[in-house]
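Going down the list, the sequences are from chains A and V.
Under our numbering, residues 2 to 390 are what the first sequence spells out, in order.
Under our numbering, residues 2 to 390 are what the second sequence spells out, in order.
Hints in this document: simulated from the structure, not taken from any laboratory.
None of the hints are false.
Remember, identical chains collapse to one label, so a pair may be satisfied in a single copy or spanning two.
With a Cα cut of at most 25 Å, we get these calculated DSS-like pairs of lysine-lysine:
#: 1; residue 1: Lys-59; residue 2: Lys-301
#: 2; residue 1: Lys-222; residue 2: Lys-76
#: 3; residue 1: Lys-92; residue 2: Lys-27
#: 4; residue 1: Lys-305; residue 2: Lys-54
#: 5; residue 1: Lys-212; residue 2: Lys-223
#: 6; residue 1: Lys-281; residue 2: Lys-215
#: 7; residue 1: Lys-305; residue 2: Lys-386
#: 8; residue 1: Lys-386; residue 2: Lys-59
#: 9; residue 1: Lys-246; residue 2: Lys-275
#: 10; residue 1: Lys-76; residue 2: Lys-281
#: 11; residue 1: Lys-301; residue 2: Lys-386
#: 12; residue 1: Lys-301; residue 2: Lys-336
#: 13; residue 1: Lys-275; residue 2: Lys-77
#: 14; residue 1: Lys-305; residue 2: Lys-336
#: 15; residue 1: Lys-277; residue 2: Lys-246
#: 16; residue 1: Lys-320; residue 2: Lys-305
#: 17; residue 1: Lys-386; residue 2: Lys-54
#: 18; residue 1: Lys-352; residue 2: Lys-76
#: 19; residue 1: Lys-352; residue 2: Lys-238
#: 20; residue 1: Lys-77; residue 2: Lys-281
Number of protein chains: 2
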Amino acid sequence: MVIAQSGGPSMVINQSLVGAVTEARKSSRIGKILGARHGILGILGNDYIDLRKPTAAKLAAIADTPSSALGSCRKKPTADDCRQIFEAFRKLDVGYFFYIGGNDSADAARIVAEEAEKANYPLVVYHIPKTIDNDLRSCDHTPGFGSAARFVASAIKGDDLDNRALGGVKIDIIMGRDAGFLTAASALARVEPDDGPHLIYLPEVPFSDEKFVKDVKAAMKKFGRCVCAVSEGIRGKDGVPIGAKLGSGETDSHGNVQMSGTGALGDALARLLKAKADVKRVRADTFGYLQRSFPGVASKTDQKEAFAAGQCAVRAALKGELTKGTIAILRAKGKKYQAAFAPQPIANAAKYTRSVPKEYIAKNGHDVTPAFVEYARPLVGDLPKTAIF
Amino acid sequence: MVIAQSGGPSMVINQSLVGAVTEARKSSRIGKILGARHGILGILGNDYIDLRKPTAAKLAAIADTPSSALGSCRKKPTADDCRQIFEAFRKLDVGYFFYIGGNDSADAARIVAEEAEKANYPLVVYHIPKTIDNDLRSCDHTPGFGSAARFVASAIKGDDLDNRALGGVKIDIIMGRDAGFLTAASALARVEPDDGPHLIYLPEVPFSDEKFVKDVKAAMKKFGRCVCAVSEGIRGKDGVPIGAKLGSGETDSHGNVQMSGTGALGDALARLLKAKADVKRVRADTFGYLQRSFPGVASKTDQKEAFAAGQCAVRAALKGELTKGTIAILRAKGKKYQAAFAPQPIANAAKYTRSVPKEYIAKNGHDVTPAFVEYARPLVGDLPKTAIF
Chain A
2 MVIAQSGGPS
12 MVINQSLVGA
22 VTEARKSSRI
32 GKILGARHGI
42 LGILGNDYID
52 LRKPTAAKLA
62 AIADTPSSAL
72 GSCRKKPTAD
82 DCRQIFEAFR
92 KLDVGYFFYI
102 GGNDSADAAR
112 IVAEEAEKAN
122 YPLVVYHIPK
132 TIDNDLRSCD
142 HTPGFGSAAR
152 FVASAIKGDD
162 LDNRALGGVK
172 IDIIMGRDAG
182 FLTAASALAR
192 VEPDDGPHLI
202 YLPEVPFSDE
212 KFVKDVKAAM
222 KKFGRCVCAV
232 SEGIRGKDGV
242 PIGAKLGSGE
252 TDSHGNVQMS
262 GTGALGDALA
272 RLLKAKADVK
282 RVRADTFGYL
292 QRSFPGVASK
302 TDQKEAFAAG
312 QCAVRAALKG
322 ELTKGTIAIL
332 RAKGKKYQAA
342 FAPQPIANAA
352 KYTRSVPKEY
362 IAKNGHDVTP
372 AFVEYARPLV
382 GDLPKTAIF
Chain V
2 MVIAQSGGPS
12 MVINQSLVGA
22 VTEARKSSRI
32 GKILGARHGI
42 LGILGNDYID
52 LRKPTAAKLA
62 AIADTPSSAL
72 GSCRKKPTAD
82 DCRQIFEAFR
92 KLDVGYFFYI
102 GGNDSADAAR
112 IVAEEAEKAN
122 YPLVVYHIPK
132 TIDNDLRSCD
142 HTPGFGSAAR
152 FVASAIKGDD
162 LDNRALGGVK
172 IDIIMGRDAG
182 FLTAASALAR
192 VEPDDGPHLI
202 YLPEVPFSDE
212 KFVKDVKAAM
222 KKFGRCVCAV
232 SEGIRGKDGV
242 PIGAKLGSGE
252 TDSHGNVQMS
262 GTGALGDALA
272 RLLKAKADVK
282 RVRADTFGYL
292 QRSFPGVASK
302 TDQKEAFAAG
312 QCAVRAALKG
322 ELTKGTIAIL
332 RAKGKKYQAA
342 FAPQPIANAA
352 KYTRSVPKEY
362 IAKNGHDVTP
372 AFVEYARPLV
382 GDLPKTAIF
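Okay, chain A solo, but in the shape it has when bound (with noise of 0.2 Å):
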């Protein structure tokens, strides 16, 4: 079997891999587990990690890292990628290929399957869940999410408290192309009444200026002081993100636009308020890599069920139900909150993404509902206690 990464990072995409090594090294009918650098690109090039190799312990020590063990990339691959990815498959005797991450690498997978299939070469392909954003349409929620949300939470948390010494607004913009799952976990902060975010925008509802600088205007008259969580992916009524139009124009492979690694949409917002909100004090900060990556914030049960998807996988593509799977985690029903995992069909996760649904957007526009939280709350667990006089 061959195992990678792709996609950005998560605080729990290692327990995934961990996860599905520790399956496939139980089973008998596994000869090899390769772990390839780089995704698709480590396979291109025979850049491979013997995943036989590393002890247990050194094993659990990676499933607790933050960001992909094995190197990532953004790479769609093409029918002449696949002939060459078959070739080297070929050579390695590789039966089983599993794809960790989010919506595109389910669709590079999903491309690879069905090239194995046009190829006459037997391969069974899994993709393994893992999005920061939480927007596979396959899924309840996605590995990744639960940890990023939680330290989104922690640091809305935190910002609030400063904003309650300082005053003032605080923009702070969160990660979510398109999804606004993430910026809308910066609601699980609040405890008190007047604790913030105060404002939340997210892609899913068009922005305006007029009415970003009214809600400010209104929270301070009720607050004396504001914090806005505003997703990176706010859009316009044209639905062309912002921070797209303020970046670098820098795009992947599958098309994305860059709208993380810069500053650029909060220094926008700020300058507007400052304009035309008659605020003095207005500061902005960007989120950025932290939300993925930091160490010691996953949340618990993240972590537990990233690395029981890495497993199903393997389970399921051992059983061979299904030659191009993805594993759907689900929600049990019943009042304790349990997940539940099922193998489905790869283009379920594939490509196209889910945005926050109606029901957990407030009628404001700019909050979310009482079902979002009660939704989001399970997946990241209690969060640091604070107190104020």
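Given chain A, put chain V in place with the hints provided.
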């Protein structure tokens, strides 16, 4: 007694508050314990919290909470303000005034103390040190620094793992207006020989675009990737901070120009590298206010010392050796790290700051020495363990 907090919040400034209040509650010589809201502004506006009221459990919860629980300000008191303060103090029968903050707050306390002498108002004034910048001349290190340094080192550790996965250049902008201690602390993230940060730029070393581009090119050649820790306070040969030239030009009443709360410096450096260093993927994050207010990341040593500094100030004030003092935190000699606390004249902490000493700066101008790591390690504590293949 009146106690208040001033300047930028930290993760442990409430430890100092609670340390002082706990000690004051033990003394029969202290009657009212009043916490002024938002520093000197609370005294001028007669806005106090009765700090005899909270239970010990409530105080302990406040101590563990980041940011300034009483609220903060950035106000330099005028002679007129002082007259108003003594009038208010006379009515309340205030004989002790404690002000927790950095060099500007120490200077504010010094002004109050000197004006009290001129006005023949009997007042013992103690400054309790706090600054994540670690730049008080009176201290070996300052409460707040260890925790902020722990955030920075953790963030860089995670970000370095992220950079391993996706490559290119990552620029991280770290707080520190004049002193580079916090940026220097990024070096604590290193475990493996090729771990980042690969380049560290402090305000103490004149920054040039040419050297930066050259350094990045060399690091890319050596490591195939590059993580840069850059102080928000870097300045060219003219001594003017580069970030201040790019920023809003906003200043506080101590004359400090705004540099945090904007991504402008990181974005400018990223543009420079894209244009001149021949690197495709360049990302910049500005760690911003999370560095000083993130819950759950505080250093245990820092928490204990901040509490002790508050206690020590109250004890020293009651002893009455100095009528205007600050608490210096020194390092006891010996193999095992231990802090020592000593009352000193308030002027020792006020106004002027200290820089990172030469022996902590590497000769190449873009790194720190092992002596710095040895100095900072016990203040920060062990970081979360991570592993790579």
